[in-house]
Structures are given as C-alpha cells and as structure tokens.
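Trainee: Could you put the whole structure together from the sequences, leaning on the hints where they help?
Residue numbers (our numbering), protein chains in the order written: chain R, 1 to 355; chain W, 356 to 501.
Heads up, some of the hints might be wrong.
Listing some non-contacts, in silico: residues in chain R with all C-beta distances to chain W over 12 Å [unchecked claim]:
1. Ala13
2. Ala34
3. Thr46
4. Asn92
5. Val143
6. Gly177
7. Tyr179
8. Arg207
9. Ala220
10. Ser299
11. Ser321
12. Asp323
13. Arg352
14. Lys354
Which stretches of chain W does chain R cover? Using the computed rule of at least three CB atoms under 8 Å from a CB of chain R, they are [unchecked claim]:
15. 387-395
16. 417-431
Just so you know, these hints were derived from the structure itself, not from any lab.
The beta-carbon is built from N, C-alpha and C at its ideal position, and this holds for glycine as well.
What follows is each chain in one-letter form.
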Amino acid sequence: MSAAALRTPLHDAHVRLGGRMVDFHGWIMPIQYAGILEEHAAVRTTAGLFDLSHMGRVRVQGRDRRAFLQKILTIDVDKVPAGKCRYTFLLNERGTIIDDLIFYADAEDDLLVVNASNREEDLEWMRKHLSGDARLVDQTAEVALLAVQGPDALHRVRTTLGVDPGGLGYYAFGRFGDYFISRTGYTGEDGFEIFLPAARAVDLWDRLISAGTPPVGLGARDTLRTEAAMPLYGNELDDTITPVDAGLEFALEMGKSPFLGQEALRGHAAPPRKRVGLLLESRRIARHGYEVYAGGKESGLITSGTFSHTLDRSIAMAYLSRDLAAPGTPVEVDIRGRQEKAAVCKLPFYRRKKT
Amino acid sequence: MRPDDIKYTETHEWVRYSDKRKEAVIGITDFAVKQLSDLVHIDLPKAGDSLERGAPFGEIESVKTVADLVAPVSGKILEINKEVVSDLDLLKEGPFAEGWLVKIKASDTKELDGLMSRKEYEDFLESSKKEESKEDGDEVDEDDFV
Chain R
1 MSAAALRTPL HDAHVRLGGR MVDFHGWIMP IQYAGILEEH AAVRTTAGLF
51 DLSHMGRVRV QGRDRRAFLQ KILTIDVDKV PAGKCRYTFL LNERGTIIDD
101 LIFYADAEDD LLVVNASNRE EDLEWMRKHL SGDARLVDQT AEVALLAVQG
151 PDALHRVRTT LGVDPGGLGY YAFGRFGDYF ISRTGYTGED GFEIFLPAAR
201 AVDLWDRLIS AGTPPVGLGA RDTLRTEAAM PLYGNELDDT ITPVDAGLEF
251 ALEMGKSPFL GQEALRGHAA PPRKRVGLLL ESRRIARHGY EVYAGGKESG
301 LITSGTFSHT LDRSIAMAYL SRDLAAPGTP VEVDIRGRQE KAAVCKLPFY
351 RRKKT
Chain W
356 MRPDDIKYTE THEWVRYSDK RKEAVIGITD FAVKQLSDLV HIDLPKAGDS
406 LERGAPFGEI ESVKTVADLV APVSGKILEI NKEVVSDLDL LKEGPFAEGW
456 LVKIKASDTK ELDGLMSRKE YEDFLESSKK EESKEDGDEV DEDDFV
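Mentor: Spelled out as structure tokens, the structure:
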C-alpha cells in the first residue's frame, strides 16, 4: 500500500456525514455511514448515493485508438455503437485477467472505467502496448464519479440534476448539460453513474443528500453486488483466472481480430471448476478464501460471502468442481474450523423486477 | 450511559459480579456493538462449559467482520442468554442489560481486580481513538468486509 493515502474530492463530505473511513487499495473511502444493511435496503427499495471517484477513468484518444483497443480488449470495439458501454477485460498473454472494466464508445475519444485497485497496473500495461498515435489521458483526479442507484434513481436524477437521462437504455450514456451520465451500476438495480468536474462534486453530492438520497459506503456496495452476483476483482477474478473460468464468456469475442490473451484461450481446456452460488443453512458468513467440501473432500473455494439483507440469509459465491455445480447439490463450507451446510444455487441471488 | 457497577476489558467485554450469589454476568459494551454494526450471528458456549480468563469463549459476527468473545474472568457457565441468540437487536437496545451474554460461577474473584472501572475504560477508549487518528483513522481493513 502506498504511504500517501489518496482522497476523492468528497473526502471531507464523507467525514462530515460520519462515514467510517478505511483504506481501500490506497484510497481513504467510507465503508459505511448509517450501517451496511440500512444502506443496502435504501438502494433496493428507493435509491442510494455512492462516491466512485476512486475508480480509474482513462480516456483513449487519437486516430489509431481503435486499433489499440482492439488489441488489448476482448470485445470487438468497432461493433459497439457510439453512446453505448460494454463490459470487457484486459488479459495478459496467458489469457488471465489483468482487470475487468467498462468500455464507453464515444464519438471523439473512448473511455475506460477500471478498478481503483488496478489502475496503475492497467496504465502500465496499456502504455506498453500503445501503437500509432493512440494516447491515454488519466482523468481520475480531475473528474469525479457519483452513482445514484435504486428503483427511484431516475426520479432522483431528474429532480436534483434537472436533466432527464430517462431515454438512455441500460449500458448507454450521453451528455446532459455539463454531466456525462451512463445508465450503469454495480448493485443489480436501475441506476446512473454521473461524471462531472471534481470541483463541482461536493455541491451535487450535498444536493442529492438534501433531496433524500442517503449516502452508501463500500460495505453495502459489496453486499449489493454480491446479491447481484457481479464479480469483484481480487475475489472472483485475478491474474490466475480466465474469463472462461469465471463464466463470463459473454464479454469474450473469440472471433474478432487478434487480441492479447486470445491464443492462450484457444488452447484452454474446459475449466475444472465453475463459479456457483451457495445458500448456507447457518447465518454465519462464508468469507473469501474459506474451503468448500463435498463428501469430506476439498472441492472448492469461497470467493465472496456475505449476509443477504434481501434474502435474510447467508450467501456466497465459490469456484466449485464442475460435477457439483448443479443447483441443489449439498456441500459444506469450513467456517473457522466448523463445517456448515450449504446448497448450490443459481446465480444471481437477486434479480430486480423489470418495470 | 455506561454503568458504574461493572468492570470492563480492553477487548470490550464487561462483567457484573454479585458477591451475594458469587455469580458474574458477562456481556459486550455499547462500543463493541457499534464498532461491529450489522450483527448477523453469535456463538455462545453451553451451560456447564468452562471459561478461562483471556481465552475466547465464543464469537460474534457482523456483515463486515467477526470478533472473538474473550473471557474477562474464569469460571463455569450457569446460563446463557437464549433471547440474545435469537434476537441480536437486544445487544443494540441494551448491551448492559437485556443484551447480557452469559452468567457464570466465577472461580477466582481476584481476577476482577485486573479489570477496568467505567472511568478507566472510557479513558482507554479515548486514548485508543487518539492512537487511531494518528494512523489516519483506519480502524477496519478492507479485507474485513470483502
């Protein structure tokens, strides 16, 4: 961890709100304000407000930017219409994941939103593979990123920002006045991510809170994304895992022009383990790294586990032997020396009702 | 709001000792409950089990983390608070009253002398807070919740 902790433009606002501040990959971020379960419930039932200004935002510019992006990303970027976003990966030559990210196909230049924990490494990797006149502009410091997530998110954005992004489809974006807004998120709910100049972040943040959208910390962000079975780099994904191992082939277009990692994936046999969901009988939490057993034999590893507020029970994701991956299969999780009963279930744990 | 008639530990347990009955009631403090927040589960021993001062006798788990319950004094469990096991909100509502955890027969009342008074515990909380702000306020590691 770097010695100098990084702060988002909203750092003082978080402290003022009583946010419990923690070190998150070098950034001082709020883990919670009112409490994880309460914040979680707000996002599931009305709306919540997140500071995501720690996430890496990198513009890719130049005439040759698309050729460069084709080489480093796993999707065919030329097929993405302007104004749309796509989930994709940066892979190394072994076909394993350097980072998972969102690609924004813009008119003049393109945008990549990457994990805070991987930004430095991503930039280093991308610089190494830059070609032609393609260049990278790291906007992480000067652009703030807020998210409003929940069934009431559109209403909150309309009334507080005074703009209407209601015409955006899921994973689309546009410019609304001074705001750059995408209909994206990491909660399993409808919602928006709002990019704006760092200097104006506090004002918008305060106005959204005054209008009744409570702040949500990283703790609830994790429980929300876990219920929605969205992968987290460092938990479900790392540089020993391929997108196929993670069951995320939808973001892998093997038929496109050559990209880094493609060759390695061609020779990749079906992975022995599969990402599954587990429902525990106990309320104890099966945390990252705990072992999963079947018939007394170690058969998998927990990647993320939490207490689901929505289901009122303990849930987890795990990489589990393929022969055990059928929903309903009974397994045990070793929680600090005690075997707790669990059953495999389908992912996600939570799916919002589409209106 | 913290009672004066009980003793406190640095690991945020409390003991209320009754000389008449030679019984000690053990719980965790409001500070511990607040720090853990979002409680989901508690594991307590059974009546008849032994407690050894300084050793874990159970654990309490929140969404974010899990903490050992450390015995402030040694003894034998007489009774556990079954209500708290099924309703962890009792810990939030009355950590020093209806949220008690176990009742024990203390084996050595001299052990109580090593524990803190309310005033000492509050000074201890104050000094650990200062210690923490020196380290830029990181009381919880991100790994505790992911």
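Trainee: Report the numbers of all earlier hints that the structure fails to satisfy, in ascending order.
Mentor: Numbers 2, 9, in rising order.
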